[in-house]
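Asks: One letter stands for each residue in the lines below.
2 protein chains.
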Amino acid sequence: MATILRVDMNGLSVRREEADARYRELGGRGLTSALVAHEVPPHCHPLSAANKLVLAPGLLTGTGAPCSGRLSAGAKSPLTHTIKEANSGGMAAIDLAACGLQAIVVEGRPAAGKCYRLRVTPGDAVLEPADDLAGLGNYDTVARQVDRFGQKVSCISIGPAGEMRAGAASIAVTDVELRPTRHCGRGGLGAVMGSKGLKVIVVDPAGGRRPRPADMAGFRQGAQKFNAALLGHPLTGEGLPKFGTNSLANVINAVGGYPTRNFSAGQFEGVEPISGERQHDVIVERGGEIAHACHRGCTIRCSRTYVDEQGEFVTKGPEYETIWAHGGNCGIDDLDAIARMDRMDDDLGLDTIETGATIAVAMEAGILPFGDAQGALGLLEEVRRGTPLGRLIASGAEVLGKTYGIERVPTVKGQALPAYDPRAIQGMGVTYATSTMGADHTAGYAVTANVLSVGGKVDPLRSEGQIELSRNLQIATAAIDATGLCLFVAFAVLDDPAALEGICEMLGGYFGRRITAEDFLALGKRTLGVERGFNKAVGYTAAHDRLPDFFRTEKLAPHNSTFAVPDEELDQVFAGID
Amino acid sequence: MATILRVDMNGLSVRREEADARYRELGGRGLTSALVAHEVPPHCHPLSAANKLVLAPGLLTGTGAPCSGRLSAGAKSPLTHTIKEANSGGMAAIDLAACGLQAIVVEGRPAAGKCYRLRVTPGDAVLEPADDLAGLGNYDTVARQVDRFGQKVSCISIGPAGEMRAGAASIAVTDVELRPTRHCGRGGLGAVMGSKGLKVIVVDPAGGRRPRPADMAGFRQGAQKFNAALLGHPLTGEGLPKFGTNSLANVINAVGGYPTRNFSAGQFEGVEPISGERQHDVIVERGGEIAHACHRGCTIRCSRTYVDEQGEFVTKGPEYETIWAHGGNCGIDDLDAIARMDRMDDDLGLDTIETGATIAVAMEAGILPFGDAQGALGLLEEVRRGTPLGRLIASGAEVLGKTYGIERVPTVKGQALPAYDPRAIQGMGVTYATSTMGADHTAGYAVTANVLSVGGKVDPLRSEGQIELSRNLQIATAAIDATGLCLFVAFAVLDDPAALEGICEMLGGYFGRRITAEDFLALGKRTLGVERGFNKAVGYTAAHDRLPDFFRTEKLAPHNSTFAVPDEELDQVFAGID
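Protein chains in written order, with my numbering: chain A, 1 to 578; chain B, 1 to 578.
Chain A extracted, bound-state conformation (with noise of 0.2 Å):
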């Protein structure tokens, strides 16, 4: 489990070698950021080939840890500039652990116009031409795999978005059934991918075996007692298996803090045909799959399956983001529309919430109206046809609204809010404004303590108590994201200290040695430290951890609130961790 696969595209070949010392420890999150901060010149353009792309299984992935499926990828970010970790759930993380991999490294760029698969078993790892797969869909890159390699493998590719080396790239990874629905979707990294030239990753771990606990005992007792939490948790053993996690839609616009019409206010009067409630409704009358888990292991079970009137599949989920991102803020309410702009977007290799904003950006320059779902549609066969359009859709939406001279532009470090304004639920602004990541909501989900009494209590309007909030998340989130489980197993961390005590035996049975949790949150600490330092390096400071400046002046309704926390409160967040 020691191994990193080392693949130049520069010289097409491919080498495994020894970690060294220093990255045996670390898994997902914390194993790609280290090696991209070790590695990559912080000042190096995000498409040359200076820079790496790194996908990497969690610590725990594949030793049977519930929920611990999550690969990371992670590089310099050609949307952010900054260091950038995105995981995705899928088969890819475990199946790449069977091959007895810690970490892929792809390095160099090849001759322009190239395309190349990647294919890695347990005992080899080649590179082959694949001109033939330039300019396909995730979907039927996926499918030609399955009909070449068989229905054990899982895939990691990109569309046509990363090909084009778009700023809304994403990468995608195959689920249980092979589809490509899963994503590391955040910060352009299928445009890394795309620009050396590698299609997809195709893992056989035939043959392979799953990576083994030092203290096999010791590792059950812990993962009986993360299990047991999770079940226990109305979250994660009952709402999200049963609603999805777009269970969230009529909470957030209950708190008034779900962004409609490019986050021009809070609730939006069409959210009931578009929420959890109503999408758990249609799925259960056309036959088709609540509580569907994205990869094996899985006992939370958020995702689902989205069928057609007819019942043929569309889509997985889609998740609450991707139904906000192309729904509320577009000021669109048709969920079968927005089930297919999800599938274009899984098919095209596009992160939803970064799409879904851009979307919602071109709706305020004018391009087409708020509403306008088919006009929406129509913005994605752009991006597939390639078009001066299509490309701007695809690059993001701060490239978007300095094309068209637009001063609303929800981004921080050029990568779109998501699904929850900071006016309303400040803990969140303080998250998108410090993130080592660019506006994120996976990097520190204070809608936990603020909205959902999880963790504890914290006013969402006030901004006291939320710095500490985020920082408590930032913290917490980096080690679970190294960890490679779901992210969704905070909610339990946080209110059952069983959870943690369970991920902590289960890691100290992995390793054969006692972790506390005090060492579980150094492991977060130390990962933040390391994105820090690069981000410091590539030239952030201070005054970039901040909100566009509308979330100051600009009212928003129906709380008639503005993001309150001051600046010099933003500037502790990382204090005692830089």
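Hints in this document: simulated from the structure, not taken from any laboratory. Errors might be hidden in some of the hints.
Intra- or inter-copy, both count: the list cannot distinguish identical chains.
Stated by the list, open to error - DMTMM-like mimics (lysine to aspartate or glutamate), calculated; alpha carbons at most 25 Å apart, straight line:
id, residue 1, residue 2
1, K555, E39
2, K555, E312
3, K555, D8
4, K114, D549
5, K536, D567
6, K536, E568
7, K555, D333
8, K555, E107
9, K525, E569
10, K536, D578
11, K536, D571
12, K242, E381
13, K114, D131
14, K114, E554
Fit chain B to the given chain A structure using the hints.
Replies: Same frame as chain A, now just chain B:
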């Protein structure tokens, strides 16, 4: 002369106020940068109501000092997000001085889609609705003002690019013949004017009085000394009048510093047909004008009028940087096509350098082939039509490069490099990297000692001496830019001590007290310090004072050189100024 005109585009009112004491001895860039630094929040969006557009004649403008007609425009730049000053020739600065104005400060923002004219006279200023001008090019805009207000006015206007709030949008200033041929080109200041709904400023100096030096005899003595130095220098007395700025084409090409096909080579095989010598012959043969002054009182007369084969006026010049940007940098050797592009840039209100650099990146992206003059003209037609591709062309090289996933984008702080490759003329690389304005040749024109043997000699291919050279030039330039003197006087200043004596005596005569060379340079240092302070508050650090990596990794033919000045030395340029 210590009066500031405040134009409130929110309340649609104007107000004359006595300048604060700290502004009274400032002019031009010294004044625009001081006002922007004091009054504009560094974090504001450049297109928001919080930004301010400042227009200021120089300290000596209107006094009769030779070559003193520059108009400075300043704001936070939409292109670079730095503080920005861009200055222009033409008649408006002299006319504003005659109206008794030290500066115009345009503040706030009106309702979207509204278009206004500001009329300024010695006794009055009024804002008038001008929706009938919306969408017009600069030529038609000016023609309508002249029809209505007569031949004695001057105009400051924006074209469609400014109305689109595009990153490459310029502010046009009319010349002696009332043509909108002079531009505050760089940094997208036309977009700031556009964001404020201000289409045109018409200045009618009738009845005004030109500024009167306190010590007229001392002033006149300085002016005579200065004038003699200008006439006596081979460049300002002879080379520039005869061959214009484009006499540089053969010179820069000969030293291998003429960036060709998006900075892929340092010599252009097609330079002869677009050289200053050929341009001179074409103009003379066709009955155009050489040695043309862009404002009254200019003794250098580096401009010219370019006419077509029928002898009809096409455009001024074009200047060296314009011909290079649309010429060698795009692989185009057709002078008539380039002149038409210059005319279109002026009419659309586009910075010719940024626009040419953007077309070259479009060629690098494969949108059209290098050398395609008709295709390049077509891209400018796209700008006029406001298509997505046109808006991209008007947004500058960096945005277009991001949208098409291009690594080789020659920008610093978001602004395109001008017509001197930093690998062959290393001193220019130091200025590009460290200037407070993003890549800008006029910020510290090291071509002097690197190539022209003006102000000493520094080997252009070595790093030795470049830091000190660029530092001294940046200080002297900031001082000259405060006076309203054309930067071309620097050739004389660098070679003939009498020129600087003359400037100090003119300033001394103007203020009625002795001004030393140290006082003069202190003005430059103060301005740079103010600008650096603003940029630091925006978030700029030493990490941003860098060229794109490819200038260090790609060798430039014919010298096979890379940019060799170490980062640690770049960080010393402003030692003692910050």
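Asks: All the hints need checking, so say for each whether the structure fits it.
Replies: Here is what the structure says about each hint:
no., hint, in the structure
1, K555 / E39, "between (44 Å within a copy, 24 Å between copies)"
2, K555 / E312, "neither (43 Å within a copy, 56 Å between copies)"
3, K555 / D8, "between (51 Å within a copy, 23 Å between copies)"
4, K114 / D549, "between (43 Å within a copy, 23 Å between copies)"
5, K536 / D567, "both (18 Å within a copy, 16 Å between copies)"
6, K536 / E568, "both (18 Å within a copy, 17 Å between copies)"
7, K555 / D333, "within (24 Å within a copy, 55 Å between copies)"
8, K555 / E107, "between (46 Å within a copy, 22 Å between copies)"
9, K525 / E569, "within (19 Å within a copy, 34 Å between copies)"
10, K536 / D578, "both (10 Å within a copy, 20 Å between copies)"
11, K536 / D571, "both (14 Å within a copy, 16 Å between copies)"
12, K242 / E381, "neither (33 Å within a copy, 55 Å between copies)"
13, K114 / D131, "within (6 Å within a copy, 52 Å between copies)"
14, K114 / E554, "between (48 Å within a copy, 21 Å between copies)"
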